[in-house]
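Chains as they are written, first to last, in this note's numbering: chain A, 1184 to 1916; chain B, 6 to 218; chain C, 2 to 291.
Keep in mind the hints are simulated off the structure, nothing from the lab.
Ideal Cβ positions, reconstructed from N, Cα and C, are used throughout, including at glycine.
You may find that some hints are simply not true.
Said to hold, decoys possible - Listed below are the simulated SDA-like cross-link pairs for lysine to any residue, each with C-alpha atoms no more than 20 Å apart in a straight line:
{"no.": "1", "chain 1": "C", "residue 1": "LYS246", "chain 2": "A", "residue 2": "LYS1721"}
{"no.": "2", "chain 1": "A", "residue 1": "LYS1899", "chain 2": "C", "residue 2": "LYS262"}
{"no.": "3", "chain 1": "B", "residue 1": "LYS155", "chain 2": "C", "residue 2": "GLU210"}
{"no.": "4", "chain 1": "A", "residue 1": "LYS1721", "chain 2": "A", "residue 2": "ASP1711"}
{"no.": "5", "chain 1": "A", "residue 1": "LYS1606", "chain 2": "A", "residue 2": "LEU1308"}
{"no.": "6", "chain 1": "C", "residue 1": "LYS262", "chain 2": "A", "residue 2": "ASP1907"}
{"no.": "7", "chain 1": "B", "residue 1": "LYS215", "chain 2": "C", "residue 2": "LYS262"}
To be verified - Across the chosen pairs, the derived CB separations fall in these ranges:
{"no.": "8", "chain 1": "A", "residue 1": "LEU1327", "chain 2": "B", "residue 2": "LYS134", "range": "32 to 38 Å"}
{"no.": "9", "chain 1": "B", "residue 1": "VAL59", "chain 2": "A", "residue 2": "ALA1725", "range": "55 to 61 Å"}
{"no.": "10", "chain 1": "B", "residue 1": "PRO71", "chain 2": "A", "residue 2": "ASP1696", "range": "48 to 54 Å"}
{"no.": "11", "chain 1": "A", "residue 1": "ARG1844", "chain 2": "B", "residue 2": "LYS121", "range": "52 to 58 Å"}
{"no.": "12", "chain 1": "A", "residue 1": "ASP1663", "chain 2": "C", "residue 2": "GLY209", "range": "39 to 45 Å"}
{"no.": "13", "chain 1": "C", "residue 1": "GLU266", "chain 2": "A", "residue 2": "GLU1874", "range": "54 to 60 Å"}
{"no.": "14", "chain 1": "A", "residue 1": "ASP1663", "chain 2": "B", "residue 2": "GLU132", "range": "19 to 25 Å"}
{"no.": "15", "chain 1": "C", "residue 1": "ASN143", "chain 2": "B", "residue 2": "TYR91", "range": "30 to 36 Å"}
{"no.": "16", "chain 1": "C", "residue 1": "GLU159", "chain 2": "B", "residue 2": "PRO71", "range": "31 to 37 Å"}
{"no.": "17", "chain 1": "B", "residue 1": "VAL84", "chain 2": "A", "residue 2": "TYR1241", "range": "38 to 44 Å"}
{"no.": "18", "chain 1": "B", "residue 1": "ASP120", "chain 2": "C", "residue 2": "GLU159", "range": "50 to 56 Å"}
{"no.": "19", "chain 1": "C", "residue 1": "TYR140", "chain 2": "A", "residue 2": "GLU1874", "range": "37 to 43 Å"}
{"no.": "20", "chain 1": "C", "residue 1": "GLN67", "chain 2": "A", "residue 2": "ASP1663", "range": "51 to 57 Å"}
Listed here are the chains, written in short residue letters.
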Amino acid sequence: MSNKVNRRDFLKIMGWGGVGATLAGCDMPTTVTLEEGKEQVTSYLVPEEYVIPGVGVYYASTCLQCPAGCGLHGRVREGRILKLEGNPESPVNQGKLCQMGQAGVQTHYNPDRLTRPMARKGSGLTPVSWDEALSMIQSKTSGLAGERFAWFTDTVSGHQAVLMDAYRESIGSSRHYVHEIINNSVARQVNQDMLGDPQPHLRFDKARVVLSFGADFLGTWQSPVHNAVEYATFREAPRGVLVQVEPKMTLTGANADLWVAVRPGTEGVFALAVANALSAKDPARLDGLPDKARQLIRRYDIKKASRITGASGDHIVKVSGWLAERSPSLVIAGASAEGHEHGYDTVAATMLLNIILGNIGKTIESSGTFPFPQLAARTGGTKDLIDFAKAVDDKELDVVFFRGANPVFTAPETLGLKEKLNKVGFKVAFSMFEDETTRMADLVLPMYSPLEDWGTHVAAYQPGPSVIAIQQPLMQPLYDQTRGFGDVMLSLLKMQKAAGYSDYPDYYAYLRDAFSAMPGSLKNGASDDEFWASVMQKGVLAVDTGEGRLSANVIDFDLPENPAKEGAYHLVPSARLGMWDGRHANIPWLQEAPDQISKVVWDSWAEIHPNTARKLGVKTGDAIKITSASGTIEANVYVYKGIHPDAIAVPMGQGHEAYGRYAKGRGVNPLKILALNTEGKTGELAHHGTEVQVSRTSVRDAMVQFGGSETQMGRKIIATVTADVYERTEGEA
Amino acid sequence: MFNTLQLPSGHITHCGARFVNRFLTPSLFLLVFSALLVLSAGAAHAESVVPNAVPPVGTHDGDDVPQPIEFPHNTHVDVNKINCMYCHTYARRSPVAGIPPTSKCMGCHSVIATDKPRIKKLTEYWENKEPPPWRKVHDVPDYVHFTHEKHLKRFVFDNEGMEVENVSEVCAFCHGDVKNMTVAHKVKPLNMGFCRRCHEANEGPFDCWKCHK
Amino acid sequence: MSLSNILEDWSRYRKDREDGGFHDYEHMWGMAIDLNKCIGCNACSVACYAENNLPVVGREKFSKGQAMHWMRIERYWDEPDLGDDRISEFNQHGANFIPMNCQQCNAATCEPVCPVAATYHTPDGLNAQVYNRCIGSRYCSNNCPYRLRFFNFYSYYEDAWPAPLEMQLNPDLSVRDKGVMEKCTFCVQRIRSVKDKAKMDNRPVADGEAMPACAQTCPTSAIVFGDLLKHYDPDTNAPETKVTKMWRAHQVELGKPRQNKQNPELRGYRVFEGLNTDPCVMFLERVREV
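Next up, chain A with everything else stripped away, as it sits in the complex:
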């Protein structure tokens, strides 16, 4: 820093005397320093271990923003949690975190948190004490015929799930409905039937070609951060090829080398056509397949498949060429493949490709056997939602406990769940927020945030070594009238006089005891205290799942000859990394983070193809009306060529009628107008199978989009090279 001209002289030169008057204050004590004695400082009574004021300390925990179970390191300073990072010890996310995980602090500090228990008195909810709340539960459940009680939750696992089961059993009920709108229930069933493992390990890092049928594995599928970590290896030399086949471009599709738009519901035809092309070159590939499967494959030659799917025949040839040349490969199927009446058969067709290509055991590995089945994840999809609605309608339930899931928001309108729920006499919501379901509850129990509570979690998809992920509080609870879920469960179990729980003062004590009771093989000779401390420090406990073997059983399946309904528009309720199923619509950072594809913020939109736009006479920003048999939604359109002309995509997550200031009254919820078609073999909702009419409508509020330019206009902002150049320059490395 040179001081040849001092600042005041400088200001004179520039003639900015007016500003100078403000700036001249730099040496004036009254404006620069803080007034002494105006603020209070509070010291520790007793110093906390590890804590040095002014220095951040990192503690390990587990992210609960989605069911993937990533490990966290939370930066804590002066008792506040400031920032979340990925835990490098976790084999799931390996030190990385997605935007939803980063925003975990805004779930925790959300200004719309519920802070006290409330009970329904008349039409409204009024505050009650915890004692009153718990005794209400006790009076409603005593003498209840067992099966008239049910849990309705999102994915749960670990010791919380053990306590939930124990409570359910103490009442005598077997009903636990698990609902996730973003799920892979159909694929799990196919995996179970064909491989003998519902959730095998997938090795993106080993694959040379990944052919994905609508599986948004970088965005919303299974374990996005883990998949992204493996994807990075997949893209290193020798660089793998990613092909994505789907009607609407997902985040994964946006990263594909080849993105193939197909008519909604025709993914299976594309898969069989690829098998057909493979067998045309090498008939031996079909050796050992049952006749039925061979016939199916033979049914779709390239020409026919191209006509049905709307994909170009060249693409089928190209994809089969890559698969033939580069091994091993990996074929996966996600929401758009599963979400039709023939979803099971579509996924089976894609799995058949894995068998033909010999990928089983190479890029698809057995997950072994998790040694603690009582801790394993209870997964679910939409079948439980439909079953639950029926049970409610048939007046089979008197008391329902809701936790995590928000079925009033995620259920299609035609299911009539909101009205039917009035038939349940006593609804209890274990919730952090007043969402649509919580709003209907008779008793609302405010929960600790995930960053305030204890817990253990076993993700449904366990990539690599299986772990029990540890959740420990990163800070003191913000509100003294909130409670930990495990603590409440223990209170309820004690009230039920269930055997074996009376000795635990709280959930922490229960967990300590549970870890002391873990088999010695996990402790490596450590004492109980040492073992606990090391587990807390690492944030994960690796468990041995043993060697498993996958079968390659080609099941009997069939596809409709032409599964597409031409000339009809299909609604794609697309999942976004960020909003997820709508549970993150109350996080301002995620509302303001532009959608990866459309770059829209704070709103819903409808994605349509330019051909569709021309037919409708609309351009980006205009509004359209989307009508199904069960309702109408309106949204501004985003016109681009990342969607099949027969598809209209509206992202899930917005359209909340409650759920706090950031979520409420923003955008539309495409789930509301879904038809109640179900997948034929699993009973899951065929959520991509809704036909809709589309028409132009008058202008809504303008859509807010980031950026202004859809292309680079010839500027070299992002340059692209071909893969052969990459192999030449970096292939040796």
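Given the coordinates of chain A, work out where chains B and C should sit on it, guided by the hints.
What follows is chains B and C alone, placed relative to chain A:
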């Protein structure tokens, strides 16, 4: 529980830009410092015994700050020769010096001078499990990054010929002659000019981003 | 950057860049961002909001281009698809994603236009913004070819963090008020604390020790951050940083408006380097199988 001690959010006007003091005191158990703070004051600057250092120039006539307990710095430092860093233990390993935890006071005062009224008051706080509500005397604005540890390193630990016993002389650069004070009186301006002159005289860094955040 | 630099030395400064630098740099923080790995997921952007006290401006202000995303993901569709869908019916090669944060130009166009020298180059090779000095003329943001400077048109703190959201604010940096320009700092507060720590231990800063929030969270590790200075100092015994290795492997050098690569097929490039801004962020070209 949290939120029991919400501080008023002060606005500071400085050099054309306004900044918000958004640092909170969330807990009775856990303390918050946004920047340096030391409860001390002084009157006249004593002859320096710090080698290789030019003490900063500047004075300030601060207000009297009433404290919950009239802590006599002079008795501790001057009479009993207790090193500043014995109590302000975080100063050498953190940006902030820290107020000693109440347990530290009680370490001595559960046996020493227990009959004195101030100690009785302290004992009362201790038994109620509440740290005394001290008032901040020294502070810099929230847009300033000041670190005690590096200043101590430069003037004490890495300073050839400097005796650690005399650390109070280094503290006195910014906090005045605390060892001859009872409570809290701010005698140094702790403004940018004060910092800048000292950095000039002692060849401290001059990069804006060293101190402004 | 003092006034004398602005008035007298600017042309010399610009010219001297090509001869290896003007400052006695302590560090030269830089990045290498691999677009072959970037998936455009937004994790970096949200991590930046969390680390740097970035306010959420809301829908209306966002529509006016007032969003405060220091790190943003830009998305472009392939050029041949522009406008006319007869060329290609679909975006068959996916999207083009690029994370854009301040390029920390060594010959930054924003610096010389600041009337109060509130933006200047630090001995760490960072393009600094001193909030206290800033008077809000916005000349710098007008002059930034990357549009990576963000102005506080409002006192966002008034409603961006309703209680208790404000408890998340990072005490290591200011909450900016109305009338102040702000920008990506390469998480200077993290660099500062790492340097302080190294200094306390009497050792140099290790490679990978300083890590901005975006690089730390990036699920595909597409963002590599480190000290570029050792690139220019073969005499030093310190091991080469990862980022330096990448720059060298791709034959991209600081101080050049045009790279004369021995192997022109190498992927490294800097955005708009022809403007002679001399950015410290190198991108590796996106790769597509065709």
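Checklist entry - Hints broken by the structure, by number, lowest first? => result 1, 7, 8, 13, 15, 19, 20
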